[in-house]
Amino acid sequence: ETGVTQSPTHLIKTRGQQVTLRCSSQSGHNTVSWYQQALGQGPQFIFQYYREEENGRGNFPPRFSGLQFPNYSSELNVNALELDDSALYLCASQKAGSTDTQYFGPGTRLTVL
Amino acid sequence: KQEVTQIPAALSVPEGENLVLNCSFTDSAIYNLQWFRQDPGKGLTSLLLIQSSQREQTSGRLNASLDKSSGRSTLYIAASQPGDSATYLCAVRRDSNYQLIWGAGTKLIIKP
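First to last, the sequence lines map onto chains A and B. Per this note's numbering: the first sequence = residues 1 to 113. Per this note's numbering: the second sequence = residues 114 to 225.
Misleading hints may appear alongside valid ones.
[To be verified] Derived DSSO-like pairs (lysine-lysine); straight-line CA-CA distance at most 27 Å: (1) Lys95/A / Lys155/B; (2) Lys224/B / Lys155/B; (3) Lys114/B / Lys13/A; (4) Lys220/B / Lys155/B; (5) Lys114/B / Lys181/B.
Quick caveat, the hints were computed from the structure, so don't treat them as lab data.
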């Protein structure tokens, strides 16, 4: 167990809708990253939050946004869902300033119809 | 732009065999490299992390090597077991930020 949880496990939405995915990190891990993993591919970095502020972003449009809260939880919000947004979404937590590994949650499987 | 490639995409071997998984990257200026295991419904588990100044890391039956100059890393699994069946991914971390760049993974099946 990594101590990182995600909800929901699975989610089905239709094109154009909005979705919020949630992640609860380990206590003391004030850095959280979100990744999108399409089927058969490696994860793609979406963005990273440190102390409730975004401090790094991958090649994803603004309709992907996030929030991080003081209680080590975070959210990934996706607006105007597209079919290509169907993927496994992973969050990972890490101690700030650490070069150690990130700890991943089990992911949320999002299907957009 | 850093690109990470893993070959083969899938591998099936009988139980007990030693095997090697390969990872290559295009930019040798990495901070560290990690090998992960992914099981369905269980997310990603870190197996080994090699800092850029290191040549290898070992954990139990696993040994990972790193050759920055050639842009290659290998994951050696000794005496494979059916429980080793999973997808193995490598990821490199760029200098000065925490972003991981991932390969697509090798799906490993160990036949009893």
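We went through each hint and held it up to the structure:
1. Lys95/A / Lys155/B: 21 Å, holds
2. Lys224/B / Lys155/B: Within the cut-off at roughly 21 Å; holds.
3. Lys114/B / Lys13/A: 33 Å, violated
4. Lys220/B / Lys155/B: 15 Å, holds
5. Lys114/B / Lys181/B: 16 Å, holds
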